[in-house]
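Read off the chains here:
2 protein chains.
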Amino acid sequence: MSFEKIEAALRKVPDFPNQGIVYIDITPLLQDKDIFASIVDIMAEKYIDNPPKYIVGIEARGFIIGSAMAYKLGCGFVPIRKKGKLPYKTLSVKYELEYGEAEVEVHEDAVKPGDSVLLVDDLLATGGTAAAAAELLEKLGANILGVDFIVELGFLPGREALAKYPIRSLILEK
Amino acid sequence: MSFEKIEAALRKVPDFPNQGIVYIDITPLLQDKDIFASIVDIMAEKYIDNPPKYIVGIEARGFIIGSAMAYKLGCGFVPIRKKGKLPYKTLSVKYELEYGEAEVEVHEDAVKPGDSVLLVDDLLATGGTAAAAAELLEKLGANILGVDFIVELGFLPGREALAKYPIRSLILEK
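These protein sequence lines map, in sequence, to chains F and W. According to our numbering, the first sequence is numbered sequentially starting from 1. According to our numbering, the second sequence is numbered sequentially starting from 1.
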């Protein structure tokens, strides 16, 4: 499976969710069984010999790539969710959006101090959500090995928001 | 891995999301790498020799079990999402909640007529969301092989809402 074939399967949807935004739709990549398997395999490959204790996926599309990677690598899976979705005791972090703010949460017993984790999501844009998720994991004392994405929007400063961590993305959109 | 061990890892959280509700929290099952792998393996086993074309997962926890099953079985993965989350052309179905209503959507090109699909979610309660998801798949002409859950609340009439389909659940809560 070539990167070109994976990249060509991305669907760009103009004016979603707002006028002037071109939304990068990964659903065609998930739908194609060969592309889906390749994405998981390529993203997991670096960690095959030394997997993290947990793959941490960010709601909701980070769950899709994260859980398949966790299964492939034999790791546990930890979800980071939007406020109010996790039922047990949580830690939360607020972060700013272009308009307003959002909040993400993790169960306080999801990760123990020193546990190695890989944080994953589908798309790196401004990095706000991923930085808030990383802050949650830091509060729990996790050892964050890196933050991995399927797609990175290279024209936005997402890497700067996550400058403390190794960042990897499968596809760079310029 | 015994079913007893899997079942014992479920966490019951009283009064979430509302007073008097006991919420079944699957996050401890996902967090434990051996339990997580076992759940995926057991749920996928029936389909190993004859996998569906797609595993369809319902947002958001259905993404977690569904995508790992899709990876295991070599299927494509299709997400059914809450209204307004899918960027391309969608079909939608409204359904009633205890208070008010909700709406789920699927991309109109996610499944073609005759495609075999397995619908998965984490929990079967009243079956409202799963029945709406199945209706979406029927509208696209899918051949629904079954609807599979990690946990079924046996004291609620979820099976009746899905009576047209083979239903399987790993854990039956009485």
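Bear in mind the hints are in silico, worked out from the structure with no lab data behind them. Accuracy of the hints is not assured; some may be wrong.
[Stated by the list, open to error] The calculated lysine-lysine pairs, modelled on DSBU-like cross-linking and capped at a C-alpha distance of 35 Å, are: (1) W:53 - F:33; (2) W:12 - W:94; (3) F:94 - W:46; (4) F:5 - W:12.
Since this is a predicted model, take the numbers as computed values, not measurements.
Going through the hints against the structure:
no.: 1; hint: W:53 - F:33; in the structure: holds (8 Å)
no.: 2; hint: W:12 - W:94; in the structure: holds (29 Å)
no.: 3; hint: F:94 - W:46; in the structure: violated (43 Å)
no.: 4; hint: F:5 - W:12; in the structure: violated (45 Å)
In the structure shown, a violation is registered for the earlier hints numbered 3, 4, in ascending order.
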